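Starting from the known structure of chain A, arrange chains B and C on it as the hints suggest.
Residue numbers (our numbering), protein chains in the order written: chain A, 1 to 313; chain B, 1001 to 1278; chain C, 2001 to 2428.
Certain hints may be false.
As the list claims (entries may be wrong) - Examples of chain A residues lying across from chain C (beta carbon under 7 Å, computed):
| id | residue |
| --- | --- |
| 1 | L39 |
| 2 | V137 |
| 3 | T179 |
| 4 | N265 |
| 5 | T279 |
Claimed, not checked - Derived list of chain C stretches under chain A, where covered just means 3 residues or more per stretch with a C-beta under 8 Å from a C-beta of chain A:
| id | segment |
| --- | --- |
| 6 | 2245–2251 |
| 7 | 2418–2427 |
As the list claims (entries may be wrong) - Heads up, simulated DSS-like pairs for lysine-lysine below, C-alpha to C-alpha not over 30 Å straight-line:
| id | chain 1 | residue 1 | chain 2 | residue 2 |
| --- | --- | --- | --- | --- |
| 8 | B | K1046 | C | K2163 |
| 9 | A | K214 | B | K1266 |
| 10 | C | K2254 | B | K1046 |
| 11 | B | K1046 | C | K2143 |
| 12 | C | K2163 | C | K2143 |
These are computed hints drawn from the structure, not numbers from a lab.
Note that the coordinates shown come from a computational prediction; the quantities given were computed from them, not determined experimentally.
Using N, Cα and C, we set each Cβ at its ideal position, and we do this for glycine too.
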Amino acid sequence: MSKRRIPRLLQTPAVVLLLLWMLVPLSMTLYFSFIRYVLNSTRRPEWTTPSISNWRGFGNYEYVLFSARDFWLAVQNSLFIVVCILIFTVILGLALAILVNRTFPGRGIVRVLLISPFFVMPAVNAVLWINMILDPVLGLNGLAVGGINNVIAGLREFPVLGAFFSMWPEFEPVSFRATQTSAYAVIMMVTWQWTPFAVLIFMTSLQSEDEQQKEAAILDGASAWSRFRNLTLPHLARPIAIVVMIQSIFHLSLYAEIEIVSRGNGNKNLPYLIGEFTTNNIGAASAAGIFAVILANIVAIFLLRMVGKSLMD
Amino acid sequence: MAAVAQKSRFGGAFWTVLAWVVALIFFFPIFWMVFTSFKTDADAVKPEHLLFFKPTLDNYLNMTENYDYWRFAINSVITASFATLFALIVGVPCAYAMAFNPSRHTKDVLVWMLSTKMLPAAAVLYPMTFLTKNFLDVFDTHFLVILVLCLINLPIVIWMLFTYFKEIPKEIIEAGKMDGVSTWGEIKDILIPLAWGGMASTALLTFIFCWNEAYWTVRLTTTEAATLSKLIEGNRAPEGLFFGRLSAVSTAAVGPIVILGWFCQKQLVRGLTFGAVK
Amino acid sequence: MFSIRKTALALAIGVASATTAASAQELTIATVNNGHMINMQKVAEAYTEETGVKLNWVSLEEGVLREQVTSDTATGGGQYDIINIGMYEAPIWGAAGWIEPLEFGDDYDVEDILPAMRAGLSHEGTLYAAPFYGESSMVMYRKDLTDAAGVTIADNDSWDNVKAAAAAIHDPDNGVYGACLRGKPGWGDNGAFITTVANSFGARWFDKDMKPQLDSPEWKAAADFYVDFLSTYGPPGSEGNSFNEILALYNEGKCGLWIDATIAASFLEVDGVAYAQSPNAGNPVGANWLWAWALAIPAGSPNAEESQKFIEWATSKDYVQAVGNHPDFGWGSVPTGQRASTYALPEFQEVAGFAAAEMAAIESAAPEATELKPYTGVQFAAIPEFQEIGGAFGQEMSAALSGAKSVDEALAAAQSAADAIMREAGYY
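Chain A extracted, bound-state conformation:
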């Protein structure tokens, strides 16, 4: 056996499996995207069988791009959600990781509490937040706003101060299922779930930070901020890259959260758009799927080529 052959042999199962996993369904999707294919049609029963005689060329792509609704909204929103989540999780994650990196009473418990959200299933997360926390009447959101209003109403009764408080408006609870707000609800709940992941990774690498260097900086009179800026942050550059990459992989395909929060109203990403087509029009769903693959690959090229490769050195 040559030196080359064994490593190749060892890689083969993984490579073959992933190739099959990628190519087989994808080539079917590609095929469907070029034919007329609907699950059910009263007018054109011949379209319900996937067959080469229903060839349509780029018709499905044209339909998805130009005639059907919400394609660009979905693309925009896919990116918007991912970018917002990334920004929030990285900043929050950094802050929290530094906060719990010190030794203090109960650090073990604090860490356990802090990372728990990461283990929660996405569907549970969404249902929990949108119903029990964010609901504008029955959720804690609504109850809290109601409570504040009641307190203000009570304060209005006071003799002198009352005049001041009576100028205060009644607060309206924010509804997180509305067209304007549903994306924020999704961002909020996913940030809650994935910040712990960032914390975990940042914490790991903070522990490997060079303490001597830090102490030297303290002796030199460097401020806490400049220590963070010049020592900790560069040290964390790679972990940040990792958090960004892994999270982009996961969040480009968010589905349950979007469905549960607002049924795609005002807030849908490409996977959800595909899901909407899938109710009947498989051809269009497949074309949208190919677009989603293209988008994922563009993101992948940016991330993996710029971030990922440097990580592997």
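The following block gives chains B and C in isolation, referenced to the frame of chain A:
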């Protein structure tokens, strides 16, 4: 000097309190879910019973009686464990070869592997249903769920293992080669003991991802291989009031994994380096 | 001609027939996760005891059920022996040959099934799904509040009167909102309700050439009315409310009036609920909607015979008796809206104060295609493309309700989406 110590002690107390407050805020939704699971559906939406109510176990009894919780739970354990195991079995040799015998293409292969993870599942749902149900006849089997879970996590597994293996000095492996140890022997006797911590972290993370996967496990199963995520899908919006019921089902579905995560917290904190720690 | 589906079908049948021998005494039933269905699992234990047929239940959320059952049935079936489908699917799937026609013996008394239900679940006169329970919609309101305000709500009242009544009882400072109506996007959620409003304004989904009519003045009037009504007198967050959310609000005493499924009446735990037939300006489609959760058999099911027997039992008069006499349930829990005989039972009448209103609402609904509307269905159009159209429409209306769009913009967007979908589907 005394003033500085005073200040830092005060500052220390402040940061400690802040850490506790933030941790409690982060944990609150989970606490609230567990708390609500002991309320009846009617109490769960009544402001007057927000904090004070007559606790009941009915939601849990209903869940085990009417929804066969244990079957779903056992399926989750089986599929997540075996998927993790198989991902490691396939991933370890691959990562080993990549880390110790890299070729010109190794990085490209790794990048490609990760990019397969970015393919949107929704794009291939229909072909997958078609294939697994009509051609392969494996729809709704443990085999299929394990295979799919293994495949969707394989890229991350390989990547994580690759980064751990790279930290092992090449000389150790080379020394093994000199002594005439076989490839399998190298993996078994040198690599695995050295990278044990990293492999444990990888396995843990994979297990968590498998347990929480909810796209394929819901759509490629009916009864036989349905996991807890399917139980959640069935209960997330039944007709009528449901916060109490749903909280109980959710608690029972995420409980095991959260507790597992608590126990393995140290391992996770130490192990999730992804090669970022040099 | 190369055809994957036929090969697949042949393969699937081949595999299935190889395993039938072992599974003949086992049925897999997919149901929506609603109370009546969950009760059925318990009640059916007696059926298993009697016949030896083992039943495997899969209960899913409505949207997921629809998705799963559709993808299974469209790819030749095989996962389920009995599926729980709605009034929307029954005629379409019957026409496509996805589900088996149902024929029952004399004991079953098909004539006893309410005529509107039979019409809605049939295609060209053949019954394709048997109603397990059915519903219409009606007005439920708090009599104490209307009495105090000195207003009344009559059967088939005018929308203006209903709105005036809502205005009279609207008291947000004390946590009472005049009207709670569906606003959550979805053809079965806000779409269903708004369509009934539109029907009463004389609007229709499609004209005789199946061209969408959302740009008609009738739709405009209906949508304007709905958005104005609900945003003025509805609770905050109405754009996210559907049946469940409003039920919780109503039970909290936060709703003055509520127009929704008749089934809601059996969930209401508050006193002083009064019922009225939905507002109507005399349109022939009926003021209210018509829906049934029905049981059907996927075409080519190897266990069709056993499945048919089970459906016959589960939708029979005997089943109603079995629930009524079951120690865990009783007469308040019997499925309703399916059979005239259920409403004639004295035990049922005693516990169901809403029975008369519900039956009247169901009987007044006319799902059949007519000159006016060339499609089956009251609050939907029974064509395969409607799910997509209704979904887009629901999202647009929700956007209009929360003020993200004007009603005109929302209707225009929904119309162009509907037009694109119908064109794409080859209607014109």
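Evaluation of the provided hints:
1. L39: Holds - the Cβ of A/L39 comes within 7 Å of chain C, reaching about 4 Å at its closest.
2. V137: holds, 6 Å
3. T179: With a minimum Cβ separation of about 4 Å from chain C (threshold 7 Å), the hint on A/T179 holds.
4. N265: Since the shortest Cβ distance to chain C is 4 Å, the answer is holds.
5. T279: holds, 4 Å
6. 2245–2251: holds (count 3)
7. 2418–2427: Since three or more residues must qualify, the claim that chain A covers the segment 2418–2427 of chain C holds, with 7 doing so at under 8 Å.
8. B/K1046 with C/K2163: Distance of about 28 Å is within 30 Å: holds.
9. A/K214 with B/K1266: Judged against 30 Å, a Cα distance of about 25 Å means the pair holds.
10. C/K2254 with B/K1046: This hinted pair holds, its Cα atoms lying about 11 Å apart.
11. B/K1046 with C/K2143: holds, 22 Å
12. C/K2163 with C/K2143: Within the cut-off at roughly 15 Å; holds.
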